[in-house]
Amino acid sequence: METGKKRGYLNEDFRIFHLRDREAPQVDYHYHEFDKLVLLLSGGVTYNIEGRAWLMKPGDLLFVPHGAIHKPLIVPEEEYERYVIWCTPSFLDRWERPEGRLSVCFDRAEAPEGRLCPLDLGTRAELLRQLSSIQEAQRSGQYLSALAAESQFVSFMIAVCRIFLSAGDTSRDAAVDPKITGVMEYIERNLDGDLSVEKLSSVFYISRYHLMRRFKAQSGYTLHQYVTRRRILTAAGLIGRGTPVAKAAEQCGYEDYSAFLRAFKSIFKVSPRSFSSLSSKKDIYNE
67 METGKKRGYL NEDFRIFHLR DREAPQVDYH YHEFDKLVLL LSGGVTYNIE GRAWLMKPGD
127 LLFVPHGAIH KPLIVPEEEY ERYVIWCTPS FLDRWERPEG RLSVCFDRAE APEGRLCPLD
187 LGTRAELLRQ LSSIQEAQRS GQYLSALAAE SQFVSFMIAV CRIFLSAGDT SRDAAVDPKI
247 TGVMEYIERN LDGDLSVEKL SSVFYISRYH LMRRFKAQSG YTLHQYVTRR RILTAAGLIG
307 RGTPVAKAAE QCGYEDYSAF LRAFKSIFKV SPRSFSSLSS KKDIYNE
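Going letter by letter, the sequence shown gives residues 67 to 353 in the working numbering.
Calculated directly from the structure, the hints in this document are not laboratory data. Everything numeric in this text was worked out from a predicted model, so none of it was measured. Any given hint could turn out to be false.
As the list claims (entries may be wrong) - SDA-like cross-link-like pairs, simulated, lysine to any residue; straight-line CA separation at most 20 Å:
id: 1; residue 1: Lys123; residue 2: Ile224
id: 2; residue 1: Lys265; residue 2: Pro244
id: 3; residue 1: Lys245; residue 2: Val220
id: 4; residue 1: Lys331; residue 2: Val269
id: 5; residue 1: Lys265; residue 2: Glu251
id: 6; residue 1: Lys335; residue 2: Leu304
id: 7; residue 1: Lys245; residue 2: Arg280
id: 8; residue 1: Lys335; residue 2: Arg280
id: 9; residue 1: Lys123; residue 2: Arg86
id: 10; residue 1: Lys137; residue 2: Thr288
id: 11; residue 1: Lys123; residue 2: Val141
id: 12; residue 1: Lys335; residue 2: Lys123
What the hints assert, rightly or not - Pairwise CB distance ranges (calculated):
id: 13; residue 1: Glu192; residue 2: Glu316; range: 46 to 52 Å
id: 14; residue 1: Arg228; residue 2: Leu85; range: 24 to 30 Å
id: 15; residue 1: Ser156; residue 2: Leu85; range: 21 to 27 Å
id: 16; residue 1: Glu78; residue 2: Glu143; range: 42 to 48 Å
id: 17; residue 1: Leu210; residue 2: Thr288; range: 29 to 35 Å
id: 18; residue 1: Val93; residue 2: Pro124; range: 15 to 21 Å
id: 19; residue 1: Ser232; residue 2: Leu139; range: 25 to 31 Å
id: 20; residue 1: Ser156; residue 2: Phe334; range: 17 to 23 Å
id: 21; residue 1: Asp322; residue 2: Leu187; range: 27 to 33 Å
Note that CB positions come from ideal geometry on N, CA and C, so glycine has one too.
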């Protein structure tokens, strides 16, 4: 299995897909540079995000932060219908106001493994109405239709953020290994430090063997693969925001610049200095 591959490129500020499959698509672990919402309409799916498995039922809304490594496991022999919404972090950031942010529901510091919110029938119907209205505006070709669609999408995201903030601890999740969740949180906070197996096993009072075995079972990654991807994804975000390449490498724990270049190219297939050209690609991968 090819793990951790970047899939999907978003050239617009946001994109909406209404998808229906009668055969369960096979999807590997991957990540996106944009934030993603999944509104399940029918079928069943378990989303594994950063080592946490979310059991989705029809009417559930799932938040997948950009850069989060994830994989959906779809129940076979059931029609799998869902809305998938992509939006760029830069678009959400443009609408930040003193009273709040549209990006609050994708805040990795608060929920690096995503978040799931069950919806009541009325709330689901209202979100579906809004999504349909946005798509109609996009297709209309009328005067300022793009602006109309954008303003409606902002209203949709405000509604979504309110749902997120009022949901409380109502999420359903599958079996989670608290020890490994703690390891992932530690990694996220210490990307510039020592994240060797020896160091982590010492911090969490667990043998190297059991740490590596449990980490692989929970996340689908070896510990080394996961640390490398978290560091490179974070460095890519810094570079995209204008941080010099060498400084981004240093801030993400790479003292050896050549090792950073090799790791970056192994994931993005281009050098860090050519990274911005990725946004021009057209590959679409909805999940």
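Evaluation of the provided hints:
| no. | hint | result |
| --- | --- | --- |
| 1 | Lys123 - Ile224 | 23 Å, violated |
| 2 | Lys265 - Pro244 | 18 Å, holds |
| 3 | Lys245 - Val220 | 38 Å, violated |
| 4 | Lys331 - Val269 | 31 Å, violated |
| 5 | Lys265 - Glu251 | 15 Å, holds |
| 6 | Lys335 - Leu304 | 18 Å, holds |
| 7 | Lys245 - Arg280 | 9 Å, holds |
| 8 | Lys335 - Arg280 | 30 Å, violated |
| 9 | Lys123 - Arg86 | 15 Å, holds |
| 10 | Lys137 - Thr288 | 16 Å, holds |
| 11 | Lys123 - Val141 | 11 Å, holds |
| 12 | Lys335 - Lys123 | 36 Å, violated |
| 13 | Glu192 - Glu316: 46 to 52 Å | 47 Å, holds |
| 14 | Arg228 - Leu85: 24 to 30 Å | 25 Å, holds |
| 15 | Ser156 - Leu85: 21 to 27 Å | 25 Å, holds |
| 16 | Glu78 - Glu143: 42 to 48 Å | 35 Å, violated |
| 17 | Leu210 - Thr288: 29 to 35 Å | 51 Å, violated |
| 18 | Val93 - Pro124: 15 to 21 Å | 19 Å, holds |
| 19 | Ser232 - Leu139: 25 to 31 Å | 29 Å, holds |
| 20 | Ser156 - Phe334: 17 to 23 Å | 18 Å, holds |
| 21 | Asp322 - Leu187: 27 to 33 Å | 56 Å, violated |
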